[in-house]
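Asker: So you can see what is in the structure, the chains are spelled out below.
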Amino acid sequence: MTRTVPFRRRSLIRTAAGLAAAATLGAPAVLRAQTRTLRITTWGGKWGEMMKGQVLPAFEKEFKCTVQADQAFPFLPKLQASPKGDPIYDVLHTNSNEQWKAVDEGLVMAKITAREVPNIADIYPYAISDKIVGVSIFTSAIGLGFRTDKGLAKPTSWKALADSKLAGQRGGYIIPVNSLGQAHLMMLGKVYGKGLNDLDAAFKAMAELKPIKLVDFTGQMEKMLLAGEVSMGVIHDSGIYRYDGQNQPVDFAIPSEGVLALEQVLNVTPGSKVRDLAFAYIDYMLRPDVQKLLAEGVWYSPSNRKVKLDPKFDAKLFNTEAKVAQLIQPDWKWYNARKDDIDARVTRILRD
Amino acid sequence: MRDLPRRPLRAAPDLRHHRKVIASRPTPVAWLIAPAALLFVLFFVLPFAVMATMSFFSHNPVSNPNAVLTFRHYQRFIDDSAGIFHEALLSTLRIGLITTAIALAIGYPLAHWMARMQSRLGHALLLMAVIAPMLTGIVVRTFAWMTLLQDKGVVNTLLISWGFTEKPLPLMYNEFGTVVALVHIYVPFMVLTLTGVIGRIDERLEQAARSLGASRARTFLEVTLPLSVPGILAGSLLVFALSISAYVTPSLMGGTSVLTLPMLIAQQVGTSFNPGFAGALGVILLTVSLAIVVAYNRILARLSGQGNLA
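Chains as they are written, first to last, in my numbering: chain A, 1 to 352; chain B, 1 to 310.
These aren't lab readings, by the way, just hints derived from the structure by calculation. Just to be clear, a hint being listed does not mean it is correct.
Anything over 12 Å on all C-beta distances counts as not near chain B; from chain A, calculated [stated by the list, open to error]: (1) 61; (2) 64; (3) 75; (4) 85; (5) 102; (6) 122; (7) 192; (8) 208; (9) 214; (10) 273; (11) 309; (12) 352.
Within a straight-line C-alpha distance of at most 16 Å, the following computed EDC-like cross-link-like pairs (lysine to aspartate or glutamate) qualify [to be verified]: (13) 165(A) <-> 149(A); (14) 152(B) <-> 229(A); (15) 213(A) <-> 80(B); (16) 339(A) <-> 80(B).
Pulled a few chain A residues facing chain B out of the computed Cβ check, cut under 10 Å [to be verified]: (17) 77; (18) 229; (19) 340; (20) 346.
Here the structure is a predicted model, which is why all the values come from computation and not from measurement. Note that the Cβ used here is the ideal one computed from N, Cα and C, for glycine as well.
Extracted from the complex, chain B is given alone in its bound form (with noise of 0.2 Å):
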């Protein structure tokens, strides 16, 4: 018996030499997330490191050896001589946050009608018809609104030929078009996001609430919006980030009239040469947006009473 307390006791630091052992080495889920983490530290990190950096300097130093380390692209941006800067990203966001929320608007009710819809077949067609836009490159769905709203386009034709107006209206090179052709192709991103959480919501939930005598509308605004607010939110995070990256669209759409960020570093990049203004006009979207994001976190979270959102 006095032997026996002791075979533990030595036993005991092999065992924890053994655990410290088996911790050391990567569970087969660190192993599955490692190239997803890989991917996001070269394709997110790295290049967003290079770009931050680049900010900071005059010039590029890698090829230049004058390059010295300066604030003066934030104080340019700060500055703001001819007041297109801060404009710019005022738009940038002012169609990013529009674009959420039209396709938020639009996405909901088709996403809650997939979800709840018992006919596999008429999901599977229903699903077809969200990611059917998706099939068609963002270049090619763009000038496919551009033939529709140019002035002498399909919609301002057939509204002068129905004597509705007598001039085109002004739909496209402005914030209007460059919005319209964003919501279509960024609604099926909040769809796709939204059916899943919706789809999950516990449907006896609703029965329970209606059967407690709550009307439709009652039961949908406390027991399915409440629940389906994590879907909200990362649908509306991932319009939103994409909507206030895109290029190619306002670009096309926007014409003259439209300005974003991404606009901007594009121009400095490919025509001004200038990769330290652009990195830094790209560092201050990120924060910006960044910002955006935590403050609609925390709003969405404190509406739906989900404190552990925030």
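Bound-form chain A, shown alone (with noise of 0.2 Å):
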């Protein structure tokens, strides 16, 4: 008995330190097997602050989850290198085109109800119309942005851009890579010609408009209004919103024939893992207090109708009924259908 109390206890400890260390090196594939993990695409700049420094947080304080979110622009080719069984995203957050390119590869859900997501009973119908693929949850109007130290009338049209006065001082964008450019030159179709599907009418009225000085992302076009660089541009409200309060000499204009949506779509993937957090993060993204605190941040329109916005947001963003009315959504299965040939054109007609 005496000879078999030290081996116990030798073994004993060896047990124990065996434990300790599978539980060392353990742990946090346990602590990842609990704690589910939410994998995003978001927007940088003032909206990524917002998102990572109190709109992520809290949600993954409520849900008990993490989320990564991928900023780093362009997602869809990721998305597209990835297996559609484990994609590397399980919600993906683009502008409208893309959405439509995305479900086209079978990449995002083509239809998303208030069973997965209850705040879609709440929103405006434009969010969720069949323009649309996956949930707009904010949209910022595409129009006309101007400075105002420099004699010009307010535009009250899209035909304003194509004064003779602006050569070389209007600005616009790299049509093959921006959807703003892609909705101008749909615009330009409906102003000149028959309408949003007229790309005659548009190619021959975008070759009036040169020489345009032309930008591939919205912040340049921002930089370039401030700046002076250009006296008119083709920009959404919220690039032009945000300055409010700066004392800085630009302004925005709604022409008559209407603005463009630039919706901010959420979609999920059909091969996630966490499917259910995915609807629960948009669903979250919907809330009224989410949509206020974004909505105010960065100067999107929300599409919850139950937001109320201080006076100065409510003034200007497209939160009623009325001013919803005024958004015109473009036909992107139809655009994307095309775009190959677009590109070619449109970029042989300004390099001309």
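Put the complex together from the two separate chains, hints included.
Answerer: In structure tokens form, the structure reads like this:
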């Protein structure tokens, strides 16, 4: 008996050490298994700061999960490259045109309803219309931004951009890479031709806008307007209103022909392993308090009808039935089907 | 004596077997080369094979069950309905060739000076000067050029204030600005490649030519230059390959007036989500570039009389 005691003690110590080591090594895996991870895409800039600083931590706390947010654009090629059964993202946040491309390839769900996302019951119809794949959580309005210190009258029509006084002082987008540019091209078809799908009229009108300074994203257009490199340019209202109170000589105009909707669309990937969490995230983003926070932070028009904005935002954003009726939603499915030809033709026009 | 010849005969099969075993074992050199070979396979052969395969499919065959074999991406390039793809290819090659020629013109004298410099300190300082720009990222260097060459940049501001011009000169958002920035970025590659080759040329050959009455210019043209052809070839190929595949600099310095194949490829992947056509453009760029490289090799080999270079 006396000889067995040390042996038992030794084996006990060994066993305990082994268990401790296994627990130490295995603990993160166990924790990971307990804490679910939601992988999303989201924008950078002020939006990204608010998401990472306030919105996502609150979501993580409430739903006891971690959120991995990818801000490195472009998202769709990464999703295309990942297996459909184990996609790189659970929730894809893009503009509407990219969601249409994604659904064509079976990368996102074709339809999301109030059954999966209850707050859909409270959103404006445009945000879940047949022009949208997924759910639009916010929109901004594409119109004309202009300098107020150049003696220009506030534009009332899209035709104002073609004013000969603005030669070399007007701004647009590299159409193949920017959805505002693509939407503007369709608007030219409506203004100068038979409708948004009148490409011949649109191409002709685009040629008339030369010389025009082209950029590939809205942030550059904001900088050009602020620096006075362009006097008038195509831009969304958020890109101008966010400088409210900073004494900048820029303003936003809503042309009489209407403004184009630039929707911020969320959708769920069919292969997501945390689909319930993905729907919960979309529902969370549609909550009135979250909508108000982000709408007032970045000047986006909220999709939820129940959001009560502060007066200065209420006056400018599209947050009533009458106001959202002014939003024109392009048919991105139609556009995407012709994108290659449009890209080639418009590139030729703007290079000649 | 009768038994003696039998011994080697008996031993011979064993020896052959032994040699075979030795031959089948990788040599130390092979082991040393293995990481580089693996790297080449992993980061060139494999991605290129994937890209080339994708270029013959209508959609991504991994994720799309409806993907079919097709030649349509190549057909689209050949048809070029709007005339931008051929123009982009020509523009890419033109920028690559001009950048290479200027980098060679700037880099050769510098490399020659470095290679012949007696002072170790001078050589080290010059080497530092050549390498210094490489310590900064391409994006930063390109932005620095933008600061210098834009309409309200340093160069135009000075030219206007000194009265040389009334309006800003178009120094960027064109091929000129793109080439200037590319030359600055890639000259070090040319210099470093050439310095090694010129440094290995036996100076006594030049001295012999001079002692036989050849002028400095003739000595250079008939002795130094032909012997430095391998360096010219290597440096040119390096700079040409880097220039035609450059994306950041042409995008930032070229604005909308410069369209190169790498820009089109990025567009196809990033915004048109068409990896098949992007793959086809990549294959076309590589094929045309290889043809140019082979032609360049042959011309240089013929000019220098070094047939083995071709």
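Asker: Against this structure, judge whether each hint is valid.
Answerer: Now the hints, each set against the structure:
With a minimum CB-CB distance of about 35 Å to chain B, residue 61(A) clears the 12 Å threshold, and the non-interface call stands. The non-interface label for residue 64(A) is consistent with chain B: the shortest C-beta to C-beta separation is roughly 32 Å, beyond 12 Å. With a closest Cβ-Cβ approach of about 10 Å to chain B, residue 75(A) is found to fall inside the 12 Å limit, against its non-interface label. Distance check for residue 85(A) against chain B: the nearest CB is about 10 Å away, which does not clear 12 Å, and the non-interface claim fails.
Under the 12 Å C-beta cut-off, the non-interface status given to residue 102(A) relative to chain B is violated; the minimum distance is some 8 Å. With a cut of 12 Å on Cβ distances, residue 122(A) stays outside the contact zone with chain B, its closest approach being about 33 Å. For residue 192(A), the shortest C-beta to C-beta distance to chain B comes to about 21 Å, beyond the 12 Å cut-off, and the non-interface label holds. Non-interface call for residue 208(A) relative to chain B: holds, since the shortest CB-CB distance, roughly 17 Å, exceeds 12 Å.
Non-interface status of residue 214(A) relative to chain B is broken: a Cβ of that chain comes within 12 Å, the nearest being about 5 Å off. The non-interface label for residue 273(A) is consistent with chain B: the shortest C-beta to C-beta separation is roughly 17 Å, beyond 12 Å. No Cβ of chain B approaches the Cβ of residue 309(A) within 12 Å, the least distance being about 33 Å, so the stated non-interface status holds. The non-interface label for residue 352(A) is inconsistent with chain B: the shortest C-beta to C-beta separation is roughly 10 Å, within 12 Å.
Distance hint between residue 165(A) and residue 149(A) is fulfilled; the C-alpha atoms sit about 15 Å from each other, no more than 16 Å. For a cut-off of 16 Å, the pair hint linking residue 152(B) to residue 229(A) stands: about 10 Å separates their Cα positions. This hinted pair does not check out: residue 213(A) and residue 80(B) have alpha carbons roughly 26 Å apart, beyond 16 Å. For the proposed pair residue 339(A) and residue 80(B), the alpha carbon gap of about 15 Å is at most 16 Å, so the pair holds.
A distance limit of 10 Å between C-beta atoms decides the matter here; for residue 77(A) the minimum to chain B is near 5 Å, and the interface restraint holds. With a cut of 10 Å, the hint placing residue 229(A) at the interface with chain B holds, because the nearest CB-to-CB distance is about 9 Å. Satisfaction of the interface hint for residue 340(A) is found here, the shortest Cβ-Cβ separation to chain B being roughly 7 Å, below the 10 Å cut-off. Given hint, residue 346(A) at the interface with chain B, holds; its Cβ is 9 Å from that chain's nearest Cβ, closer than 10 Å.
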